[in-house]
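Hey, can you work out the whole structure from these sequences and the hints?
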Amino acid sequence: MKRTTLSQVAAEAGVSKGTVSKVLNGRPDVGEETREKVRAAAAVLGYTGSAARRPRIAIVLVFDTLESNYSLQVMAGAVDACGRADADLLLSTLPSLEQGDVPPFSDEWFAGCGRTGETAVIAVTTPLSAEQVTAAAHAQIPLVAIDPVNSLPSTVPSIGSTNWAGGYEATTHLVELGHHRIGHLRGAGQSIPARERLAGYRSALESAGIRQDPELVAGDGFSYEAGFAAAQELLELEDPPTALFAASDEAALGAFEAARQASLRVPEDLSVVGFDDTLIARWASPKLTTVRQPLHAMGEMAVERAVTLLAGGSRRTPPLQLQTSLVERSSTAPPRGAVAAS
3 MKRTTLSQVA AEAGVSKGTV SKVLNGRPDV GEETREKVRA AAAVLGYTGS
53 AARRPRIAIV LVFDTLESNY SLQVMAGAVD ACGRADADLL LSTLPSLEQG
103 DVPPFSDEWF AGCGRTGETA VIAVTTPLSA EQVTAAAHAQ IPLVAIDPVN
153 SLPSTVPSIG STNWAGGYEA TTHLVELGHH RIGHLRGAGQ SIPARERLAG
203 YRSALESAGI RQDPELVAGD GFSYEAGFAA AQELLELEDP PTALFAASDE
253 AALGAFEAAR QASLRVPEDL SVVGFDDTLI ARWASPKLTT VRQPLHAMGE
303 MAVERAVTLL AGGSRRTPPL QLQTSLVERS STAPPRGAVA AS
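Residue 245 in the working numbering is what sits at position 243 of the sequence shown, and the numbering runs on without skipping anything.
Keep in mind that a hint or two might mislead.
16 Å max Cα-Cα, derived EDC-like pairs, lysine to aspartate or glutamate [to be verified]: (1) K19 with E38; (2) K289 with E270; (3) K289 with E330; (4) K289 with E259.
Label-pair restraints from in silico Cβ distances [as the list claims (entries may be wrong)]: (5) A139 with P321: 15 to 23 Å; (6) G315 with D241: 53 to 61 Å; (7) D88 with I212: 48 to 56 Å; (8) A139 with A210: 27 to 35 Å; (9) R262 with L322: 37 to 45 Å; (10) R86 with P288: 33 to 41 Å; (11) A139 with E270: 53 to 61 Å; (12) K19 with R86: 28 to 36 Å.
These are computed hints drawn from the structure, not numbers from a lab.
Since this is a predicted model, take the numbers as computed values, not measurements.
Even glycine gets a Cβ: it sits at the ideal position worked out from N, Cα and C.
So this is what it looks like as structure tokens:
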């Protein structure tokens with residue numbers, strides 16, 4: 003007799019194979035009605051696959067997007083830490099895409115987490131409302147944040163980096179090369195890390211005695227597309243910048259393309275600094291000068307903190323900020339006719 007497959011259960015339940023896998027693995031992001039249909043179909047067909055076994059501990063990592071090198075490096079750290087903790091790592095993104103999925107951080111979603119055993123949730127660069135934090139507490143689900151985009155209560159431990167210091171160091175580097183017209187490609191407006199990087203940029207200009215020109219700050223996002231649009235806007239100014247500090251590596255690569263389309267060379271005509279030090283910084287041409295965030299360590303430490311919470315550790319801990327550092331590569335140089343400061 004042939005063994006029943008996931009595909010057969012999916013056809014019987016009228017859902018996708020992926021949804022069946024989620025249900026049998028105890029994933030929380032499936033509606034209760036869909037969950038029951040899958041269980042009933044599995045029972046009717048006599049499905050006995052091993053996927054129904056639950057791990058001892060599950061860590062659910064929720065990203066705003068997986069389409070970035072930032073996300074992949076944080077995930078790599080989380081994978082390593084879960085391996086050491088003998089924990090299962092589950093991934094979700096915003097928004098949930100499959101029909102029947104339950105949006106992450108909803109009451110029903112947290113309740114689903116509670117039904118699947120010992121589970122903690124890590125929110126990566128995703129906004130969390132007071133209502134969502136309360137829902138996690140009611141479901142007794144430990145909640146940890148990486149690079150939180152909004153202010154969170156002290157009951158939600160957070161892992162981030164020294165964004166202000168990174169923005170200050172990036173801008174100071176450009177000042178010391180001799181640049182005075184320095185633009186900033188701003189991250190998402192509501193993001194705390196983006197605001198901290200902008201504040202560091204402004205403080206560095208003030209420390210150098212350089213007037214802050216509001217025209218030199220543009221953009222509203224960390225993506226390649228946002229960086230490209232913001233750089234285009236600044237390069238079209240009557241008195242354009244000779245250097246740009248971007249709030250992310252992806253935005254910096256968008257600036258590379260804007261410079262190319264404007265017939266400018268990096269770094270001969272335009273210096274560019276990024277933020278994150280993802281793999282694309284080393285793959286870029288020229289290689290990107292950037293501010294390194296310890297992304298792998300952030301993923302590791304968030305999992306370690308989540309496991310500690312599951313073991314009964316205190317939830318009231320101060321936010322943890324890991325040290326950033328400037329990595330000088332080939333995308334920055336003195337402006338034409340200028341001499342770098344010694």
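Cross-check of the supplied hints:
no., hint, verdict
1, K19 with E38, "holds, 15 Å"
2, K289 with E270, "holds, 14 Å"
3, K289 with E330, "holds, 9 Å"
4, K289 with E259, "holds, 14 Å"
5, A139 with P321: 15 to 23 Å, "holds, 18 Å"
6, G315 with D241: 53 to 61 Å, "holds, 54 Å"
7, D88 with I212: 48 to 56 Å, "holds, 53 Å"
8, A139 with A210: 27 to 35 Å, "violated, 46 Å"
9, R262 with L322: 37 to 45 Å, "holds, 39 Å"
10, R86 with P288: 33 to 41 Å, "holds, 38 Å"
11, A139 with E270: 53 to 61 Å, "holds, 55 Å"
12, K19 with R86: 28 to 36 Å, "holds, 31 Å"
Hint 8 from the earlier list is the only one contradicted by this structure; the remaining hints agree with it.
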